[in-house]
Every structure is written in C-alpha cells, then in structure tokens.
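Residue numbers (the numbering used here), protein chains in the order written: chain D, 1 to 279; chain V, 1001 to 1279; chain G, 2001 to 2279.
Quick caveat, the hints were computed from the structure, so don't treat them as lab data. Among the hints, erroneous ones may be present.
Claimed, not checked - Chain G regions said to be covered by chain D (calculated; three or more residues, Cβ under 8 Å):
| no. | region |
| --- | --- |
| 1 | 2029-2039 |
| 2 | 2045-2059 |
| 3 | 2248-2256 |
C-beta atoms are modelled at their ideal positions from N, C-alpha and C, and glycine is treated no differently.
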Amino acid sequence: MEETRETRIRSALAAAAAAVRETKPFAPSVTNSVTIEFVANTQLACGGSAAMVYLPDEGEAMAEAAGAVYLNVGTLFPFYAETLPRTVRRLASLRRPWVLDPVAAGMGALRTELLLSMKDASPAIVRGNASEILSLASLWGLSRGGKGGGKGVDAADPVEAAEEAAKALARHTGGAVAVSGETDFVTDGALAARSGGGSRWMPEVTGCGCSLGGVMAVYAAVAEPFAAALAATALYNLAGARAERLCRGPGSFKAAFLDELHVATPEDIAGNPLVLEEA
Amino acid sequence: MEETRETRIRSALAAAAAAVRETKPFAPSVTNSVTIEFVANTQLACGGSAAMVYLPDEGEAMAEAAGAVYLNVGTLFPFYAETLPRTVRRLASLRRPWVLDPVAAGMGALRTELLLSMKDASPAIVRGNASEILSLASLWGLSRGGKGGGKGVDAADPVEAAEEAAKALARHTGGAVAVSGETDFVTDGALAARSGGGSRWMPEVTGCGCSLGGVMAVYAAVAEPFAAALAATALYNLAGARAERLCRGPGSFKAAFLDELHVATPEDIAGNPLVLEEA
Amino acid sequence: MEETRETRIRSALAAAAAAVRETKPFAPSVTNSVTIEFVANTQLACGGSAAMVYLPDEGEAMAEAAGAVYLNVGTLFPFYAETLPRTVRRLASLRRPWVLDPVAAGMGALRTELLLSMKDASPAIVRGNASEILSLASLWGLSRGGKGGGKGVDAADPVEAAEEAAKALARHTGGAVAVSGETDFVTDGALAARSGGGSRWMPEVTGCGCSLGGVMAVYAAVAEPFAAALAATALYNLAGARAERLCRGPGSFKAAFLDELHVATPEDIAGNPLVLEEA
C-alpha cells in the first residue's frame, strides 16, 4: 500500500519533469533584485522560460501570458504596493497557479501589509525557510510564530519546527507548502514528503531558496501543486549533491549546480531520496 | 568586387576591435536589473568600461561622459518615464551614439510610451530578437508586427521574419539594426550581413541578448554603427562557439563565455563566418 | 619596535578572521543593483550573513538586527533620499558600525546631497577607489578633489594621489579609510598600511570594489575599523592572487575568487604581504 503510493508519487514527479522539458513553461516573476538573475538562469536551466517585471500593468500582462507566476517579496520597491495586489487579483481571476515566496516575512510595514493581503489569494505553492513559514502562518493567524528576528533572510528555526505551520498553511490555501532546509519538507495538508540530498554549499550561495521558488513555478505550470513543489525540490537536492562532488567552494558550486539542473533527467528527479507520510 | 567589399568590412571589424582594446571606451547604461551585472561584466571582458544609473540627471551625466550609451527597456521603473526621455534628449543634442534594446516591445503602457517617444531620436543601433524588432517596427508604423505575444523576453518569430522590419528600421534611423537569433542578421538598410557561429547555450543563459547590446555600445564608441553592430555580433558568435567546446551546461558556459570574450583577438573577430548581401 | 607593531596588527587580522568564521556576523546592505548578488555571495563566502533592503523602515530594521551595515550609493533610487538618511540616523543612535562606499561620488544631485548629509555620521570605514576618496574628501571640505570626471565608476587617479585625502577623512570620521587600487592603502589617520597581492582580473570583474566594502562590514561587526578594513583587504588580495593562478579569464576568475574567499584561513589572511607606517 505504502509502496503503491510512493510509486504513484514518483511517477508524478517524472511526468512533471518530462512535461517541463517538452513544453518549456513560461513562469515570469515579480521578485527581488539580489537573486533575480539566478532565478532566471535556474528557470532556463531546468527547461522553463523566464521574464521579470516591476510595474502593475506588466504584472497583470505576465499573469495573462504565464503558465504560472513566481512572486517573491524579498527586496520590495514602494510601487509594489500596487504591483503585487493587482498581479495577485489577476492571477486569482484567471485561476492561474502562482508561487509565494514570503522572504523575510515579519520585517517591515509594506511586507506585512502585502503578505496579509494575500491571505485568501490561494497561492498554489508557498515556499520558504522554516522561519518564513512560521512567520507567515502566524501573520495569517494559523499558528504561533517561530523564533523570528533571525538574521534577515536566513532561517533561525529548524525545518521540523515549521512542519505544523506548513500543514496549517497548506490546509488554508488548498495548495502545497515547501519548507527548505537540510531535509526539505513538502506537504499539501494531507500528505507530507521529506526530500533528501542537497549540499552544504546551498546556503552559501545566495538565491538557492528564491530560485527553487522560481523553478517550482515552472513546474506548477504543468503539474498539480504537491507534485510540482516536490519535483522541484527533488531536482534541487539532486543537482546540489551532484554539483558538490565537482566543486571546491561556492563559486565553482554555483556554476556546477546550474549545469546539473540542466543535465538531470525525469528519472533522476523521480529517483531522488524521498520519504512519504500522512500529514 | 564582392571580395573587395567583404575584405573592407572585415578590416573595419578588426579595426573596431583593436580600437576598443586600445581606448577602453566608456559605455554606460540605463538597463534592466535582471542582466545588469552580466552586461557590465561582458563590457569589461571585451575591453570596455561600464557604469549603470537610474536617475534622470545621472542619465544626462552619463550621456555627457560616455563614448556611447546603452538603453534597455527590460525592467522599467516608474521614474524611467523621466530618466529615459531626458537621457535620449541629451544624447541627441550631443550627437552621441547610443544603442536601443527594445526588450519585450509591445508589453505594458510605459514601455510603449517610451518606445514611441524614441521614434525620431536616431539610435545608432537597434538590437533585439526577431519579435522585438517586429514589434518596434510596427509600433513606429514602419511595418506590420510579428506573432508577438510570445513568451515575454523570448522570441516567438524566426530571424528571417524580421529582416524586412530591420531594414525599414535602419532606413528610418539612419543607423544599424541587429536581429539576434540562430544566425544573426545585421543591416544598415543598404548592406546586410549574416553572422554565424554562436552556441545552443546562449538562449539558456539570461542576458546573452542584453549584454550583446551593451557590447555594441562599447563598439559604437569607436566605430560607425554597422561595423560596431557586426563586430560585437561576430565577437559573440565566436566566443559562444569556443565556450561551448569547454562547457557541460549553462553554468560552466557562462564563465567560459566571459573568458572567451576577453581572449578573442581583432583577427579572430574579423575572421568569424560572415555572409554579405545588398539589403 | 616596528616588528612588535606589525606582529600586533597581524594578530588582530587573524583574530578578526577567526571571529568571523565563529560568529557568522550579519552585515546587511543598502547597495547598488549591479553588484548586489556578488556582494551577498562574497559576504557568505567569507563567513558572514547577508540581506539587502531598499525601503526606509527596512533600513532601520536592518540597522537594529545587524552586526554592521554596508551602505553603497552606486545606483540610487529616488526613495533612497529617505532610506539612507533614516538608516544612517538609526545606525548613529545605536552606535552600530557601518561602511560607506561613496561610489561615483561627485556625480548627480541626489548622490551629492546624500553624501553631504553623511559628513558627521561617523562611518566606521569609508572604502572607495582613489577618485571616490578624493571626491568625498573634497565634498566634505577636507581636501581638494582629484582629476574627477573619470569613467563613471572606474578610478581616474592612482592610489597614492588619495593618501592624504584618506588620512584627512579618517581623522574626521574617527574610523578607517581604505583606498582600493593596485596596492591598497588603509589608514585610521594614525597608522597606515599598504596591502599587496590581488590580481589584474579584479578590475575586470564588476563588483570587486563593492563586495570588498560588504566584506569589510562583515569584519567590522567583530573588529575595530582599522583591523576590519585591513583584514578584508588582505583577504581580497590573497584570494585574488590565488584565483588568478587557476583562471584563464574574468569568468573563471570570478568563480575561483569566491572559492578562495571561502578557503582562506585566518593565518593566510594575517600572513598576506603588508607594509606599515605612521600616517
């Protein structure tokens, strides 16, 4: 019974990866300017297509043209007060899947206002580190917060501390939630998966989290949220582990990681270490 | 006769490349924030000097200080409504060469307004993919548009589909127009060149188009528009083909490509595959 | 006597480097968007923690959370007119160390206004190329300017030309001043150090200056200004020289440089070529 479920999930991951390679899904972003180039390059490397915009009407145009959209609140500009809500409304009216990356949730008035405004906008996937997932669940009144007040964009909480918050978020949105960390946790509120692999270098290269969100959007264009979030996570863990064997530090890791994102096959992705359980 | 013309053009390419290496032309930009670092690094690698600005008076100051300027409408900020027209006016009054990169032409109200305002501002070079060149020519009333509505910043049209639009644009601006794609097309409205080489990896690394525009600006500081656009294109095709032999994916390609931009000699650039014809 | 002073300084460099590795200092930035990713990646590679923000209340929140802050005026946004002064005021009230990088000092009205407003805000470290240090000292009425009007962000003056200005700035701020160039000059107004090594590739990769400022902020969180500025400079010169031996151009240099930033030990950093003198 367990094996049947796992086999079914692994098939869904392989199918998602194959569909990405075949259809080159367009997954544009409104995202932060620190990791914006890396997000685009990872989306291209995994087989998707990218574009980034800042203005309200362009966010709406992207929502129209997209297979799925990636929204990251990392480095907010003042005019995002209009861009993000208008983009989210258009996504909702189109029922277009989108990924929310609540970077540094809890810091700053505009970020808090924007994240609060997205509570009922049903992102297909929410992706963050443990502290961000805890902060978002707390902000949305779904659970208590974590330690918070960590080091800006780095997690101050372990993945395990955010598992209940992740499940609560997933049950609220009706989509999937992914907590990034040493062992990644992905849940849709009913099922949960732990994805292994990755590399010690991933937290040492800025944007490994953001760009995973961007790649989830590429996958969300062709697969349902849980499979999309888990396939992208498995791809990252696989590419990270492989790249680590080829590198001597964070600079050579980053180049090798992009190479491995491109090289990974659907079978590789589906075969990456995975543990499933009831949520 | 043909051979004479080709010999003359190839000499002009070698002379442009040698002049870049000798004079390190300063080619500042107002450009998008996705590929901004890559634009700067390619400009440095090919022998130029770079700076990027956002504010209106800084755009004007750059126009004053520059050998040529690169303007890219990729990720517009609201205040570009003032920065770009003021910079363009200063460029025109100084008769300073500049390169227009009409990224995602046709998408968004501000982009359309800005591109319309540049119709009679005589960019020395217009560079884009086929869809962007078709959209700009259509926007300026010089030809019918292409498929358009493609995938954001990726071309939905083949290079050949944009050749007539490119010629019409070149005749209108009095400068050169370059269409990037599998085989690049460069024209000044009288003469046309097809430049071969390049790499399958170039569309898989974000910014290979933008940064080609930035490198064209470096060349436009020391050469007339057609030779500048064609020399930069030849350099890109040469460096791309060489880098492909050294890489295993998009990450290692990007590093190798920057290396090859630096290594290429004027003779290498002048000798890259090239076919000339009347426009 | 001389040997004792040098031994003491080298011990301080080793202690600073060891403290960075042990405590992973959080050194957030308000910085330019050209080199923002490279600043983050170098801060991570050297053992620090990074975050970048744009909005006024986020600048204040970062000042609260930080060990030290990096402020770079490279690509100003209009709203920096509020973000930078509010961040600086909060830093001053907290007596939190911060690094000022006066990129392109002298160009543009907002940049001039912002730099003037920082005159009495006591940055722990000012870091720039010779032209920027000369411009800032002139702007603050501490010395005459240099050639100025150079190529945007590239120095038009040699390091030696800025030594007196650097000393005047250091005596005014009560902190340290670092002039980047072929041989770097670091002073606190009483003592001066020349740090050797580095690589011909460093000016060919955008952000080697900015990111050195970011790494100085990481060090300023755990060491007094002169030791912090000098340790970061020594690390850069060491990593640059090592990376040069492994590369064939600016692309491979950049990756190798990040690797070497990570690999360098406190002993390596303390042992890098160094000449001390009275300021």
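Could you tell me which of the numbered hints above are not met by this structure, giving the numbers in increasing order?
Violated hints: none at all, because every hint is consistent with the structure.
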